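Protein chains in written order, with the numbering used here: chain G, 22 to 319; chain B, 22 to 319; chain D, 22 to 319; chain X, 22 to 319; chain S, 22 to 319; chain H, 22 to 319.
These are calculated hints, taken from the structure and not from any lab test. Certain hints may be false.
Since the list can't tell identical chains apart, any single copy or any two copies may satisfy a pair.
Heads up, simulated SDA-like pairs for lysine to any residue below, C-alpha to C-alpha not over 20 Å straight-line [what the hints assert, rightly or not]:
hint, residue 1, residue 2
1, K155, E91
2, K62, P37
3, K41, K139
4, K250, D110
5, K62, N202
6, K201, Q40
7, K139, N202
8, K62, L36
9, K139, Y43
10, K237, I258
11, K188, L221
12, K201, P37
13, K62, I31
Quick caveat: nothing in here was measured; it's all calculated off a predicted structure.
6 protein chains.
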Amino acid sequence: MESYIQKAKILVEALPYIQKYYGKIFVIKYGGSAMKNEELKNSIITDIILLKFVGVKPVIVHGGGPEITEMLNKLGKTSKFINGLRVTDSETMQVVEAVLTGNINKSIVSSIIKGGGKAIGFNGKDGFIIEAEKQEMIDENGNKLDLGHVGRVVKINPDIINAVLEKDYIPVIAPIGMDKNGVSYNINADYVAGEIAVSLNAEKLVLITDVEGIYKETRGSKELLSIIKMEDIPNLIKENIITGGMIPKVESCVIALQKGVRRTHIINGNLEHSLLLEIFTDIGIGTMILKGEDDGNE
Amino acid sequence: MESYIQKAKILVEALPYIQKYYGKIFVIKYGGSAMKNEELKNSIITDIILLKFVGVKPVIVHGGGPEITEMLNKLGKTSKFINGLRVTDSETMQVVEAVLTGNINKSIVSSIIKGGGKAIGFNGKDGFIIEAEKQEMIDENGNKLDLGHVGRVVKINPDIINAVLEKDYIPVIAPIGMDKNGVSYNINADYVAGEIAVSLNAEKLVLITDVEGIYKETRGSKELLSIIKMEDIPNLIKENIITGGMIPKVESCVIALQKGVRRTHIINGNLEHSLLLEIFTDIGIGTMILKGEDDGNE
Amino acid sequence: MESYIQKAKILVEALPYIQKYYGKIFVIKYGGSAMKNEELKNSIITDIILLKFVGVKPVIVHGGGPEITEMLNKLGKTSKFINGLRVTDSETMQVVEAVLTGNINKSIVSSIIKGGGKAIGFNGKDGFIIEAEKQEMIDENGNKLDLGHVGRVVKINPDIINAVLEKDYIPVIAPIGMDKNGVSYNINADYVAGEIAVSLNAEKLVLITDVEGIYKETRGSKELLSIIKMEDIPNLIKENIITGGMIPKVESCVIALQKGVRRTHIINGNLEHSLLLEIFTDIGIGTMILKGEDDGNE
Amino acid sequence: MESYIQKAKILVEALPYIQKYYGKIFVIKYGGSAMKNEELKNSIITDIILLKFVGVKPVIVHGGGPEITEMLNKLGKTSKFINGLRVTDSETMQVVEAVLTGNINKSIVSSIIKGGGKAIGFNGKDGFIIEAEKQEMIDENGNKLDLGHVGRVVKINPDIINAVLEKDYIPVIAPIGMDKNGVSYNINADYVAGEIAVSLNAEKLVLITDVEGIYKETRGSKELLSIIKMEDIPNLIKENIITGGMIPKVESCVIALQKGVRRTHIINGNLEHSLLLEIFTDIGIGTMILKGEDDGNE
Amino acid sequence: MESYIQKAKILVEALPYIQKYYGKIFVIKYGGSAMKNEELKNSIITDIILLKFVGVKPVIVHGGGPEITEMLNKLGKTSKFINGLRVTDSETMQVVEAVLTGNINKSIVSSIIKGGGKAIGFNGKDGFIIEAEKQEMIDENGNKLDLGHVGRVVKINPDIINAVLEKDYIPVIAPIGMDKNGVSYNINADYVAGEIAVSLNAEKLVLITDVEGIYKETRGSKELLSIIKMEDIPNLIKENIITGGMIPKVESCVIALQKGVRRTHIINGNLEHSLLLEIFTDIGIGTMILKGEDDGNE
Amino acid sequence: MESYIQKAKILVEALPYIQKYYGKIFVIKYGGSAMKNEELKNSIITDIILLKFVGVKPVIVHGGGPEITEMLNKLGKTSKFINGLRVTDSETMQVVEAVLTGNINKSIVSSIIKGGGKAIGFNGKDGFIIEAEKQEMIDENGNKLDLGHVGRVVKINPDIINAVLEKDYIPVIAPIGMDKNGVSYNINADYVAGEIAVSLNAEKLVLITDVEGIYKETRGSKELLSIIKMEDIPNLIKENIITGGMIPKVESCVIALQKGVRRTHIINGNLEHSLLLEIFTDIGIGTMILKGEDDGNE
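Chain G with its partners taken away, still in its complex shape (with noise of 0.2 Å):
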């Protein structure tokens, strides 16, 4: 009996949280090894489900998975890359359009529905949800790169989002685009998130990614940066605190912050149930990236 009970208090420790968050619409960026793991995969599956259930609205927008690359490799396509984006041919863009969205997002979709949950899966296609175009990209001597269907975000249409929201849906979203003459584009994912919770007016944005947060490393020791001012970030890319693959991510996160997104996280998603602990503990397991204004208390 005194284990129910203290199950009870854990539940009664949630509840500031929970009032907190209550309506508020969070967009969470999904992909690494939580979207690989099975376990994992569960985890924050169901973690987004008790979200829903506890009055959040989740808004997911997931990255692609080992199996883009397992397919093209079954294909005998090899991808150059330039600056870490995969130059991407048009037949590349329509493998990669397929398997994000009919497997990866119907998996997404089909887990939440398993769970319990109620879920519609998009493409950026869809409702014309993200019009995109052609990223420009200049090497060092000035020339343009030519990267194929790799796009950027022009606008996005929210108002399909919001329908299934009100219908209480979790919409779940591939990171495809298409220009107005149909052309497809394949988005990076934490910046399609970025522009998704701007368009939503989303209280958080929550990247989930393969490590822990930012590290500030001081002989030796390595101390994780649960808070950073997002005034601070130049000062930390230029003191090689942030680095490589968590540029972008910080980046998507202060533009963000800048067009009005309240709040956002950077979270490991190799750790169980790490959205509930970011966001139902006071210390949280990440990184929060927040405005100057914003001392971080409620």
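Given the coordinates of chain G, work out where chains B, D, X, S and H should sit on it, guided by the hints.
Below, chains B, D, X, S and H without anything else, positioned relative to chain G:
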């Protein structure tokens, strides 16, 4: 960190129960020690607010507390009791209504608001929620006994309760009714809770009392009856397993079940978080009374 | 037959007033003799129901009646008064709240329902309608006086009042507020009525009292001031034309006018149907206080 | 002051009637002298506006006035009558429709608007409210008589009437119908009013005429029949108590009662405020025809 | 089969125009020959019904037809004209209103219903759509000329028009207005159409007349001006290119454009399906008058 | 100009069909050549957009295209067929779902959006639209045949389809279902279209295929059967008039008719604008299958 993950897992264990009761109405009769002891009161009120935030629609019917007797004592009024019912003259009725509605009811309302919930208190005259009539009682010789302003429910008008539920308030109802001439009646709160549960087509009627549920005593050892079929009640009364003050509670449950409430519970308010434990664990901690065709599983 | 036609003509004479106030909110402070005398009470309640059926939206704020003093007397509590305000210790506050909310408020609700109207009673804790704080008071020597649970309005939250108005109920409000810690306060009903009128953007604030309005005495003959401009109030106080208990009433009116209520009235509840007469005749029967730019015509 | 209080009391006496009819639909056939005499017209229109403001939903069906005959006279058209019905050739029909719809109907609309009400005029073609067909008539020899554009109601389509009632307009309907080929028909306004009352599920059908109701003459003294059961009508016709132009009026009432209208009234438009008097007094001033099971009390 | 495919292609060619005008309001002034000739009338009415079914919201304002003059002739009334405006005494006004509202308006309504559309006819008194006042006119000597019941628009109240548009009816409006005293005025239908277009924030004002549009004559050869900028109108009048009855039409267009209507058209009702042709072809068949900053393309 | 008028007349000829189908749901199975040939694809998509703009509510269910076989070929997967059904192992299922949902479905969505329409693509997992189960198949010896992920419809949940129809989107549905454990199934698109038509209470089910409809061959000359009663289907199959791939199509139609769809059509997608021609001409261009009591006229 481990302890945090354990906490997250406990939240996640609650998910199936949350899903099961999402959007359902629970009518909770709140009385006894759980109203007097400040800690127990906080525990119950917090449980109710939590239920509200995870999607349940709680409706509270409360009993009288020691404040009524205290006030009557201060006024030098001594009450006569017949069959456990207080003979209620007009002056007593005035005190009962004042204390029930003005002190006890508003104290519950204010506790919910302090806890971050939204609440509205009613007595049964408001919106004519409870139409009542004089409770007839006959002694062993067939003579009428006059209990004064002791009443019984004639009709529940749930319009205003439904209206405030829609606006996300927790309705808190004092068991006072009136007849068409405006005469006030004091009514047993268990019965009022049962009738209100019926009028709202509630999923559950939960009676919070000072005992742990119904016990069977065999050779000195007491065993809690976790589940009782309503058809077995008459025998249990005959066998003196259900006795005394438990009888009207059980009767309220049976009436509610017969008129369409799905399940009824009698639980011990002296146990911290008893409400959460009864609802969010498989075994429960009190006695569940259900219909014959209901096997007690979901 | 002639007398019937005369009656019909009188109904028809009311039409322009009915048209003028159709759909408008009137906040009516109900107190004094009009609450004690059964006949006057019926007259006022009937007037209010009639107003409701001809399209006005009445909101009642009531004062305390002799029942409070009576109950305190029975309990042997004697109250000390400072500047006309009852020093209210916790025990007194409990009695005040019980009687105001549980007896007086519900008696008004039940009278309206008996009269064929729909009513809901609130005290200011319900839906946190009245957020209050301790009334500060300083004596002539600059020392703080402790009046106990005497409060003033911090904020009105009119959500639940609007919700029940939409469902065609007459809200009846007891002038009890609480602060964020749940501490109860007794507040002057005239001020509460004024603040509620402001929060509802009311057309009229009507204070029903025991005097006929404001009088000017010249050489022994008294003349009722039917219309007073709010700008003239300071002089009228200086000239001792407005004195004593009338001052807080007039102040409530001025505050309400300054914050947007269109017109305010002080009328005599000792006169039968005074409410109808003030509203449905050109001359009125009490004193109308209005803004400087308002000429008193429609 | 006394006279004012008397007036207030008269308003208050109207309250039970106002409560009884709140939100109910009254279909009022308006015709005869009450349309010609300016004072009587004002009296009726004012009564109707008052009914609207106290919560009744009036729907007006009007007859033709002397303007039609006047216009036909000016045009040198003389009409032949068969069984009291004007033989209506196409040219006559054009004049009838023009004057009924363009002059009489709009004159009523404009009077209501001038009186502070909201009104919309229709003829039965608008929204195809009245689908009609040629009225067949056979003479004593079994030969068909051709009455031209005299029609009868085939079907009422109340959609647009309900739409404008919801927007708080008083619909004013000219008794013109058309068939599916667009052929216009002039229809008896009493019958149209009855059929419209049925289609709107009206509480009352009120026919305003030039006589005071139905009278029984015994030994020279006339007595108004205040209440007639519809089952007694055939005998009253046989006994020549109901005769002539009263027969179609009575028939419209009986049809309306049989198809669900609650009560029907025939009242004298020559009496000022006859409409209010019939509805807002117990005895009424005309003849009420009701169903057998209805005892005439509320 | 080939011819069928050709037909399908023609339907498909209309798609871009349908998309462009979906959900937009067109106010159509319907008058002249297109009202007299049965075939042309059918053509216009069918065009309007088709527009309704492909998503346009048409609103019709109609002029008077020969029926008015015919009726006045039959009555032996001869009208005096000043500056092309009929001096309208009360008797004439009564005839004008009767024929316009009762015959012409209802004939349009009935044609739409026969064609499978839904229609409601109004004159400007209904719902007080058109508040009007006497048209002042001064002769060359500065003396007032009394034109009788000739009026001008003071205010349009579009509430009831919007209400019936929402219910999918086509409103048909006779250009009769009244002042606050209920005095009727006959108003130029082109101006009424313009003001109604403004009050509805219409996409287009279309005036159907008896000429093909505005022509420029150079050396004997006439050329239709397909597009005119509203800024060029004063010069075109000075150069006698716009003359006579065309001037008020052009003025109505200019006023409508200045107050927010997007584009205005003057087209020839003598041409079959002129309305469809003007709207569903790039070149159009009449004259489009538009704002200076509008290049005439979409 | 003449040719323009001819065009207008053709538009007008379409009006009766537009009126007939206004607001009705058409479920269109889109497959075969009409998906491969770019010109035919444009023709069908344009027809569907046009239908939407003239008031029809189209719902598209699409089949697989050559892209699936192409992708399987590239991957070196060869499929075994049993009774014309592809034995679908998990790897094949993954490819089928990816290409159907990610390429074919989104290509249709993007074509509609480019054409000026609004579209949302679903596969049957989204909102759990299609609950499916494994298709059981037994060979001639009574042995079970394992077709892998070939499924049949258990239940259609049309909630999300209705939600997007209300918001004026065209839903585009890939014929993929799943069972409650999340196992994916590939389902015959004709059957899916039929079941969806039933769940939406559709007016029409239209199957677009590569043949012109059902033909009867008599002495070498083929005659299209424009109308077939569903009761005659068994005989037509027995007589080998309906054979091969046409049988499942006809079966889908019969099931749809039996469950309440009004009419069903099998038309040739190789013919330009076949959809418009079948619907907007009296004779149609394919085969209409209807219920016995339906004479094929409106």
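* Asked: For the identical chains here, do K62 and L36 meet the 20 Å Cα criterion within one copy, between copies, both, or neither?
  -> between (25 Å within a copy, 16 Å between copies)
* How do K155 and E91 come out at 20 Å by Cα distance, when the copy is not named: within, between, both, or neither? -> Neither: 25 Å inside a chain and 27 Å across chains, both beyond 20 Å.
* **Within, between, both or neither, where K62 and P37 count as close if Cα-Cα is 20 Å or less** => For K62 and P37, only the inter-copy Cα distance (18 Å) is at most 20 Å; the intra-copy one is 27 Å.
* Could you figure out if K188 and L221 sit no more than 20 Å apart (CA to CA) within one copy, between two copies, both or neither? => both (16 Å within a copy, 18 Å between copies)
* Asked: Between K62 and I31, at a C-alpha cutoff of 20 Å, which is it: within one copy, between copies, both, or neither?
  -> Only across copies: K62 and I31 sit 18 Å apart there, 24 Å inside one copy, limit 20 Å.
* For the identical chains here, do K237 and I258 meet the 20 Å Cα criterion within one copy, between copies, both, or neither? -> Within one copy only: 11 Å inside a chain, 71 Å across chains, cut-off 20 Å.
* Asked: Checking K250 and D110: alpha-carbon separation at most 20 Å within a copy, between copies, both or neither?
  -> neither (39 Å within a copy, 50 Å between copies)
* **Intra- versus inter-copy proximity for Y43 and K139 (alpha-carbon distance at most 20 Å)** => both (18 Å within a copy, 13 Å between copies)
* At most 20 Å between C-alpha atoms: does K41 with K139 qualify within a copy, between copies, both, or neither? -> For K41 and K139, the Cα distance is within 20 Å only across copies (14 Å; inside one copy 23 Å).
* Can you give me the call for K62 and N202, within, between, both or neither, at a CA distance of at most 20 Å? => Between copies, since 16 Å is at most 20 Å while 36 Å is not.
* Pop the pair K139 and N202 into one bin, within, between, both or neither, using alpha-carbon distances up to 20 Å. => Answer is between: at 15 Å across copies they meet the 20 Å cutoff, but 33 Å inside does not.
* To do: Could you place K201 and P37 in one of the four classes (within, between, both, neither) given a Cα distance threshold of 20 Å?
  => between (46 Å within a copy, 16 Å between copies)
Hints 1, 4 from the list above are not met by this structure, while the remaining hints are.
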